Amino acid sequence: MASLRYESQVRAPLVDGTKDYHQVTEDIIRPIEAAPTRSWWIGFIVALGCLTFGIISVATQVIYGVGQWNLNRTIGWGWDITNFVWWVGIGHAGTLISAILLLFRQGWRTGVNRAAEAMTIFAVMCAGQFPIWHMGRVWLAFFIMPYPNSRGPLWPNFNSPLLWDVFAISTYFTVSLLFWYTGLLPDIATVRDRAKLKWRKAFYGVASFGWSGSAKHWQRHEALALVLAGLSTPLVLSVHTIVSFDFATSVIPGWHTTIFPPYFVAGAIFSGFAMVQTLLLVTRKVLNLKDYITIEHIDVMNKVIVLTGSIVGIAYLTELFISWYGQNKYEGWAFAQNRVNIFSPYGWSYYLMMGCNVLSPQIFWFRKMRRNITVTMFMSILVNIGMWFERFVIIVTSIYRDYLPSSWSTYYAPSIWEIGFYVGTFGLFFTCYFLFSKFFPVIAVAEIKHILKKSGESYKDKMGPQEAMPVEEFAHEYTHAH
Amino acid sequence: MAVKKFVVGIFTDEEVLFPAIKKVRSAGYKIHDVYTPMPIHGLDHAMGLRDTSLHTAGFIYGITGTTTALSGIGWVFNSDWPVNIGGKSHFDLPAWIPITFELTVLFSAVGMVLTFCYLCQMAPFVRKHHFNLRSTDDQFTMVIECTDKNSETEITAFLQSVGAVGINTQMAETGWWLGSYAKDKTPFQKEGNVLA
Numbered sequence: 001m002a003s004l005r006y007e008s009q010v011r012a013p014l015v016d017g018t019k020d021y022h023q024v025t026e027d028i029i030r031p032i033e034a035a036p037t038r039s040w041w042i043g044f045i046v047a048l049g050c051l052t053f054g055i056i057s058v059a060t061q062v063i064y065g066v067g068q069w070n071l072n073r074t075i076g077w078g079w080d081i082t083n084f085v086w087w088v089g090i091g092h093a094g095t096l097i098s099a100i101l102l103l104f105r106q107g108w109r110t111g112v113n114r115a116a117e118a119m120t121i122f123a124v125m126c127a128g129q130f131p132i133w134h135m136g137r138v139w140l141a142f143f144i145m146p147y148p149n150s151r152g153p154l155w156p157n158f159n160s161p162l163l164w165d166v167f168a169i170s171t172y173f174t175v176s177l178l179f180w181y182t183g184l185l186p187d188i189a190t191v192r193d194r195a196k197l198k199w200r201k202a203f204y205g206v207a208s209f210g211w212s213g214s215a216k217h218w219q220r221h222e223a224l225a226l227v228l229a230g231l232s233t234p235l236v237l238s239v240h241t242i243v244s245f246d247f248a249t250s251v252i253p254g255w256h257t258t259i260f261p262p263y264f265v266a267g268a269i270f271s272g273f274a275m276v277q278t279l280l281l282v283t284r285k286v287l288n289l290k291d292y293i294t295i296e297h298i299d300v301m302n303k304v305i306v307l308t309g310s311i312v313g314i315a316y317l318t319e320l321f322i323s324w325y326g327q328n329k330y331e332g333w334a335f336a337q338n339r340v341n342i343f344s345p346y347g348w349s350y351y352l353m354m355g356c357n358v359l360s361p362q363i364f365w366f367r368k369m370r371r372n373i374t375v376t377m378f379m380s381i382l383v384n385i386g387m388w389f390e391r392f393v394i395i396v397t398s399i400y401r402d403y404l405p406s407s408w409s410t411y412y413a414p415s416i417w418e419i420g421f422y423v424g425t426f427g428l429f430f431t432c433y434f435l436f437s438k439f440f441p442v443i444a445v446a447e448i449k450h451i452l453k454k455s456g457e458s459y460k461d462k463m464g465p466q467e468a469m470p471v472e473e474f475a476h477e478y479t480h481a482h
Numbered sequence: 001m002a003v004k005k006f007v008v009g010i011f012t013d014e015e016v017l018f019p020a021i022k023k024v025r026s027a028g029y030k031i032h033d034v035y036t037p038m039p040i041h042g043l044d045h046a047m048g049l050r051d052t053s054l055h056t057a058g059f060i061y062g063i064t065g066t067t068t069a070l071s072g073i074g075w076v077f078n079s080d081w082p083v084n085i086g087g088k089s090h091f092d093l094p095a096w097i098p099i100t101f102e103l104t105v106l107f108s109a110v111g112m113v114l115t116f117c118y119l120c121q122m123a124p125f126v127r128k129h130h131f132n133l134r135s136t137d138d139q140f141t142m143v144i145e146c147t148d149k150n151s152e153t154e155i156t157a158f159l160q161s162v163g164a165v166g167i168n169t170q171m172a173e174t175g176w177w178l179g180s181y182a183k184d185k186t187p188f189q190k191e192g193n194v195l196a
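From first to last, the protein sequence lines are chains W and F. When you line the first sequence up against the numbering used here, it's residues 1 to 482, in that order. When you line the second sequence up against the numbering used here, it's residues 1 to 196, in that order.
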């Protein structure tokens with residue numbers, strides 16, 4: 001048993017302080033059982049306010065049409081699709097943390113996966129709003145689904161990346177939701193069994209599906225998590241690949257590049273981790289979970305940010321190089337004149353993107369910076385601004401000048417309703433996140449207990465440094481583990 | 001669905017639980033189940049549980065998704081509504097891969113979760129008997145069924161000898177029923193004066 005539990009002393013503990021199983025339950029469940037704090041109410045009401053603004057903006061748009069937005073000829077995609085891609089990108093970190101890091105057996109994922117998965121689901125919900133309401137006649141939105149119909153039967157075009165997107169995003173949402181909720185079941189049962197209040201017992205009783213913690217159920221639960229992780233891993237990569245196909249398979253200069261899929265995926269992970277940092281830095285402070293979301297976790301995520309930020313940087317430079325090397329004059333124009341030229345109408349956004357996404361994350365090469373909360377908070381917001389501008393640069397600077405100079409559009413700036421819609425998705429996102437953090441455990445309680453005796457600070461101290469053990473003794477203990 | 005008599009042994013340390021399971025099994029007692037607050041690797045083997053075939057089910061669901069996507073798109077493009085798109089092939093396999101992949105994953109994931117819920121008999125509004133409420137918190141609960149061969153007192157004494165920190169006896173319904181966790185009524189309890 002002991003050697004199965006062993007983790008190298010070199011690795012920093014993932015749970016700080018002296019904890020036993022009950023203490024873990026207490027620490028994580030207590031905020032659910034306590035009355036909401038004043039800061040929770042303030043945050044929740046602000047989020048609801050933003051959501052209301054969004055609902056009004058969308059309602060206006062449905063009544064008066066997409067003309068409420070400042071989209072024009074040639075800019076048919078503006079803030080709406082920028083926001084869509086941005087939110088989808090943010091929705092990539094959760095499943096990456098829960099699926100890919102599960103397959104790679106990264107113990108640190110346990111502290112952050114639950115909140116990150118929730119963030120994923122809410123971000124994808126926000127992302128989905130944009131293409132749906134952009135349709136204009138939203139009451140016909142179901143036309144995008146393939147089903148035998150009275151219109152011919154007329155089928156959607158299965159060869160179109162836009163339809164692939166419908167499948168990719170709806171599948172991603174469904175699978176992420178299932179993954180998240182099956183993981184939540186044991187923890188909901190923990191809340192249910194501790195509950196004193198009647199409504200709480202009833203509510204969590206329904207939500208727990210009658211989970212008992214039986215050995216056989218755990219065995220199936222583990223198998224399910226592993227296979228879902230195996231399925232979600234290519235799924236995460238496929239989703240943003242397919243989103244990038246929306247652009248890459250077109251013939252618009254600036255979009256028509258084969259580098260888009262890996263570049264979009266790296267960018268998605270980059271922005272997703274930044275958003276996870278923003279949320280968790282606040283969550284760990286407000287809910288007092290510093291022992292579970294440790295500086296170690298923040299450090300590791302900052303490493304992912306500097307890695308993916310640099311991949312994105314290389315992609316930007318490669319793209320730039322190829323636009324020159326390819327000697328296609330339209331492609332060359334899109335880059336040299338519409339983006340790199342700082343005096344062009346949107347030149348500023350290109351440099352904003354470069355500064356936020358490529359230069360600023362390099363600060364995380366320094367350990368001191370990676371472990372500094374203030375710097376991390378500031379950087380996480382900067383990265384998300386940068387990633388928003390990346391999508392804005394890709395979309396708007398590629399289409400605001402087409403092949404016909406007479407149709408080069410007037411300067412595109414969003415209308416109040418476009419801004420309202422975007423603010424509204426923030427409202428939706430944070431309303432959901434506030435409700436989640438109040439009613440569900442933001443940290444996977446069972447998973448923390450699972451790693452507690454291996455990676456908990458107080459247990460690591462007790463474990464003898466196995467490196468000092470003679471080889472024969474180690475081999476003997478290891479082979480006779482149970 | 002049956003009401004049976006069980007002896008419930010409570011453990012607080014998995015280092016004690018594992019040898020206890022071994023001893024209980026070799027002594028020939030029938031372990032009804034072991035309830036733990038978190039997954040414990042190796043517990044299923046120690047209890048002699050068969051490996052789950054949930055993965056196989058997932059594979060079958062996945063293949064179903066692949067077949068559905070390929071045959072569906074193929075049928076639409078080749079027989080139901082063949083559109084000539086610039087003379088391109090009606091069997092345009094590379095362009096079908098994204099949707100085929102997504103449906104494979106979707107069918108597999110949804111199918112597996114439903115199968116998981118079915119096998120574990122889990123659903124909203126399902127109510128079960130829980131032997132020890134702290135087995136979702138910090139205790140490990142071993143439940144042994146009383147049979148004709150093994151009496152309650154015998155099992156209790158045995159559990160004590162293998163290190164259980166708390167032991168009690170419970171009459172319990174082994175299946176599930178529809179009910180709320182806010183009410184303590186179980187289906188085998190006699191109702192009071194319902195008709196008054």
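Keep in mind that the hints were calculated from the coordinates and are not lab data. Misleading hints may appear alongside valid ones.
[Said to hold, decoys possible] If you only want the chain F side, here are some residues facing chain W, beta carbon under 8 Å, derived:
id, residue
1, 76
2, 86
3, 87
4, 105
5, 135
6, 137
7, 138
[Stated by the list, open to error] Straight-line alpha carbon distances no greater than 30 Å define the calculated DSS-like cross-link-like pairs of lysine-lysine that follow:
id, chain 1, residue 1, chain 2, residue 2
8, W, 285, W, 454
9, F, 30, W, 216
10, F, 22, W, 462
[Claimed, not checked] So the derived label-pair ranges between C-beta atoms look like this:
id, chain 1, residue 1, chain 2, residue 2, range
11, F, 110, W, 419, 31 to 39 Å
12, W, 462, F, 121, 36 to 44 Å
13, W, 152, F, 87, 16 to 24 Å
14, W, 249, F, 87, 14 to 22 Å
15, F, 110, W, 259, 30 to 38 Å
16, W, 132, F, 64, 44 to 52 Å
17, F, 121, W, 162, 36 to 44 Å
What you are looking at is a predicted structure, and each value in this text was computed from that prediction instead of being measured. Note that the Cβ used here is the ideal one computed from N, Cα and C, for glycine as well.
To see whether the hints hold, each was checked on the structure:
no., hint, in the structure
1, 76, "holds, 5 Å"
2, 86, "violated, 11 Å"
3, 87, "violated, 14 Å"
4, 105, "holds, 5 Å"
5, 135, "holds, 5 Å"
6, 137, "holds, 5 Å"
7, 138, "holds, 4 Å"
8, 285(W) x 454(W), "holds, 25 Å"
9, 30(F) x 216(W), "holds, 15 Å"
10, 22(F) x 462(W), "holds, 26 Å"
11, 110(F) x 419(W): 31 to 39 Å, "holds, 37 Å"
12, 462(W) x 121(F): 36 to 44 Å, "holds, 39 Å"
13, 152(W) x 87(F): 16 to 24 Å, "holds, 22 Å"
14, 249(W) x 87(F): 14 to 22 Å, "holds, 19 Å"
15, 110(F) x 259(W): 30 to 38 Å, "holds, 34 Å"
16, 132(W) x 64(F): 44 to 52 Å, "violated, 29 Å"
17, 121(F) x 162(W): 36 to 44 Å, "holds, 42 Å"
Checked against the numbered hints above, the structure breaks hints 2, 3, 16 and satisfies the rest.
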